[in-house]
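Here the structure of chain A is known, so what remains is to put chains B and C in place on it, guided by the hints.
Residue numbers (our numbering), protein chains in the order written: chain A, 1 to 337; chain B, 1 to 337; chain C, 1 to 337.
Rather than coming from a laboratory, the hints here were simulated on the basis of the structure.
Misleading hints may appear alongside valid ones.
Identical chains share a label here; the pair holds if one copy fits it or two copies do between them.
[Said to hold, decoys possible] Once the Cα atoms are required to be at most 25 Å apart in a straight line, the calculated BS3-like pairs of lysine-lysine come out as:
#1 Lys110 to Lys321
#2 Lys108 to Lys331
#3 Lys77 to Lys96
#4 Lys331 to Lys321
#5 Lys321 to Lys30
#6 Lys55 to Lys270
The structure displayed is predicted, hence computed values, not measured ones.
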Amino acid sequence: MADSRFFKCNGPFKAHELADIASAELVGDKDALITDVASIDQATSEQVSFLDNRKYVKAFTKSKAGLCLVHPEVADKAPEGMSLLVTAEPYMGYAKIASTFYPVTFPKAKISERANISETATIADGVIIEAGAYVGENVIIGKGTWIKSNAVLGDGVTVGENCIIHPNVTLSHTIISNGVTIHPGCQIGQDGFGFASGAQGHVRIPQLGRVLIGDHVNIGAATTIDRGAGPDTVIGAGTQIDNIVQIGHNVQIGMGCVIVSHVGISGSTKLGNFVVVGGQAGVAGHLEIGDSVVIAAKAGVMRNVEAGQTVGGFPAIPQWKWLRQVGMIEKLTRGKK
Amino acid sequence: MADSRFFKCNGPFKAHELADIASAELVGDKDALITDVASIDQATSEQVSFLDNRKYVKAFTKSKAGLCLVHPEVADKAPEGMSLLVTAEPYMGYAKIASTFYPVTFPKAKISERANISETATIADGVIIEAGAYVGENVIIGKGTWIKSNAVLGDGVTVGENCIIHPNVTLSHTIISNGVTIHPGCQIGQDGFGFASGAQGHVRIPQLGRVLIGDHVNIGAATTIDRGAGPDTVIGAGTQIDNIVQIGHNVQIGMGCVIVSHVGISGSTKLGNFVVVGGQAGVAGHLEIGDSVVIAAKAGVMRNVEAGQTVGGFPAIPQWKWLRQVGMIEKLTRGKK
Amino acid sequence: MADSRFFKCNGPFKAHELADIASAELVGDKDALITDVASIDQATSEQVSFLDNRKYVKAFTKSKAGLCLVHPEVADKAPEGMSLLVTAEPYMGYAKIASTFYPVTFPKAKISERANISETATIADGVIIEAGAYVGENVIIGKGTWIKSNAVLGDGVTVGENCIIHPNVTLSHTIISNGVTIHPGCQIGQDGFGFASGAQGHVRIPQLGRVLIGDHVNIGAATTIDRGAGPDTVIGAGTQIDNIVQIGHNVQIGMGCVIVSHVGISGSTKLGNFVVVGGQAGVAGHLEIGDSVVIAAKAGVMRNVEAGQTVGGFPAIPQWKWLRQVGMIEKLTRGKK
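Next up, chain A with everything else stripped away, as it sits in the complex (with noise of 0.2 Å):
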C-alpha cells in the first residue's frame, strides 16, 4: 500500500471494472473486489498486478495477486486461483488501473493571499494558487490550473486549463496548452543562447521568440527551455522530457517524443514526432531529426538523421555500425597487456 501520509488510494473496485478501464479480457470472478494495485512479487489477493517482461515469468508463476495484467501468450502460465485481465497492452493497462487508483487530484480551487499577483492578471475559475506563487502582468491561467508555492509566471504568460506548474518554476515569454505539467525547478523562456563575438567581446542577440508547449506534455525537474531568437521553440503535444534536459533557442520538437535526463539538443535543430532520445546524448544544432529516429545514450549526433534510424556513438552512425565498432576496438585490445 502506497504511504498513506503521500498517497490516497481510491479503491476498491470490482474486476470487471477494471477490465473496462484496461480494455482487457476478464478471465475470472467479475465480482472479486480489488483494493490496490502491487508489484507481481509483492501482490496480495485484493490487488491487482502487471507482467510485462519475460524477465519477470518466473516470478509470476509464484504470485499471490488475486488479478493480474497479461499478454495472450503467457497467460496459460497464471498460477491456480489467479484471475486476468488478458490484453496486448498489460503495461498500458496497468497505466490506466493505477491511474484509476491513484488518481492526480487537485485541491478545492483556492487562490492564497500570499500569492503575489499582479491585477492585470487573468485568472478563470478552478484555478489554485498556493502561497508565494508570483503571477506577473497579463498572464492568462485557463481553468482548473494549479500553481503551486514559489513558482513563477512572468508578464504575458498563458497558461492553459487543467496543468500543474509545480514548486520553483520560472515561465517567461511562454504559452502552455492544456493538461501540461511542469516539474518543479524547470526555467522556461528565458534568453537563447545568442550573441555576436568581436573585438569588443560578446555582445548578446535579443532573443524575440517565445516557447510554446503543446497539449499533455510533462517536463522534468531542472529542465531549462530557452525561447527562440524570432521564430519560437517549440514543444509538440504529448512530449516527455525528463530531468535536467536542456532544449536551445528555435528548437522544434514533434508529438509524443520521450527525451531523457541531461540531454541537449543545441539551437534551431527540428525533431519529427515520436523521436527518442536516450539519457546523455547530445544533438548538435541546425539539423533535422526525421520521425520515430531512436538516439541511444551517450550518442553525439552531428548529422541529419532520416526518420526511422537508430543512431549512436558519437560522432552518431547507424547503432549497428556503433556496435560492430566497439566489438571490433574489443579485439583489436583483446589479449594485450
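Coordinates of chains B and C only, in the frame set by chain A:
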C-alpha cells in the same frame, strides 16, 4: 513582429541612424524609415535583416527586406531595391541594431513590500526588488539593479550596478560586478564538493572562499557555481556561460570565455581568456587551459592544453587527430557485418 | 583569512587542542597559539596548514606555516621552526581542524512570520524557518533544522534533526533522516519518468513510492532525485552527491557513496556501499553495482559491475582495458595524416 505581449518594439529608426549604430556603410536612402528587424526570408520593405552565412545567399537574393546588413564580399548579390549596410561584421551589426529596436528595459525603481529585505541591507537608487525576493543581512545592491521574484541573496552578498538577477536564483558568498545577468534557477556560492574520506566516512572541508563574477558576465539558467575552498572561484569579465553548467570550487575562468550547456569544469582548473568549451564537454581538475583554446563538444580534457589549440574526444587530443581516429575506426569496420 | 562578510573565525586554539581534534601527534610547542587555517604557500607563523600531496612537498619545505599536518613519511622535510601535527591522514585532520575554526553555525531558532506554514505541520524546538519558505500539510521538522528562504516542503514531508535545506529546494514525497544538507535548487521527490507508450500516446504511470534519505547525506545544488514507482528511491547514510546529478526512480544507493556532478543513474539500478561515480558518467537502469566500485568520469555503464572493480569508457569495461584501447587507437593513427 515580435509578440507584443512579451516585446516592445522601439522603432522606427532611419536607415542612417542604424548605419551609425552598426558602424556600417549605408548604400541607399539614408532617410528610409525602418520599423523592425526580421529574418532574411520574412523581412518586408520596412524591415532590416542581415546576411551572415553563405548558406543563406540564395534566400538573400530573393529577400524583400528594405535594408540588410551584409559583408562587402556579397554586397553585389543584393536584389534590386534593397538598401545595404555594408560591414565586415554583419552579425555584430545586427546584434546592435536588434538591441536598439528591442533594448533590455528595466522597470521603474521599486521595492516591493512583499520582498523580504534585511534592515542591514544597503540598496542603492534605482533598484527594483520584486515580491518574494529575499535579501539577507548586509547585502549590498548597486544602482539600477533588478532583483526578480523569489531570487535569494544570502548574507553579505554584493551585487553591482545594472545587474539582472532572475527568479529562483540563489546567491551566497558571492561578489558580482556590474552589468551582470544571472538567468533563472542559477545556484551560485554554495559549498564546493570537498571532503576528506576515511574510516569514519566523508568529512566535509569548510569552503572558505567566495565566487567573484566580473563585469558583463552572463550566466545561463540552472547553472551551478561553487565557491572556493580558500582561494575564490572566479569568472572573468565578459564571459558567457550557458544553462546547466557546473563550475567547481577554485576554478578560474578568464575574460570573454564561452561555455556551452552541460559542461563541467572540475575544481582548481584555470581557463585563460577567450576559451570556448563545447556542449557536454568535461574538464578534469587542476588543469591549465590556455588562451583561445577551443574544446569540442563532448570532449573529456585530462591534460593541460596550450593556448590556441583545438582539442576533442575523450581523452581529449588535437581535434584533427581525433577526426583521424574516427575515420580510422570507421575504415576498420567498413563492409564487415 | 576568510572574508569576514561570509565567515566567522572561531580561533584561536592552542596547538595541543588542534592535535587532539585531529588525532595527530604534536611535535613542537603545545601552547603555541594558532589563529587560522591557510594553504601551504600562504600560511604565516600563527596559522596551521596541511601537506597532503607529494606535488606540494617543495612548497612545504619553504612554507612559513607555524603548524602543519603531515604524514610521518614527509615529516623530516619540514622547514626549521615549523611545528608538526603528524598523522597518517593529514587531509582528514585538516577537515576536522578547519571545521573547528569555521564550524557550520546555525542561527537562533526563529520561525519567520513571512514563512508560509500549514497549521497541521509539526515543528520541533530549535528550528529556523526563513521568510518565503513553504511548509505543507502534516510536514514534520525535527529539532534544530534550518529551512532557508523560498524552500518548499510538500505535504507529508518529514525532515529529521539538524538538517539544512537551502533556498529554492523543492521536497515532496520525501523522508529525510538527521544531519542532512540539501544544497540550493535541488528538486527531490517528484514523479519518476515512467509511462506506458501506445497508440494513444504516452500515459504516465503513477509513481507510488517515496525518496528516503539517510543520516549525514549531502546533496549538491540543482540535483534531481525522483521518487520510486512503488518501491522507494533510497540514498544511504553518509553518501555525498554533487551538483546537477539525476537519480532515477527506484534507485538504491548504499552508504558512503560519492557521486560527482552531471552523473545520471537510471531507474531501478542499485549501488552498493562506497561506490564512486566520476563526473558526467551514466549508469543504465536495472543494474547492480557492487561495493567500492569506481566508475571513471564520462563512463557509460551498461552491465553489472562486481564489487571492487574500476571501470571506464562507453560501454564501460575494466579501466585498464579502456586505457589499452585508447593506447591502441592512438598507435593505429600515429604518424598518419
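List of violated hint numbers, smallest to largest: 1, 2, 5
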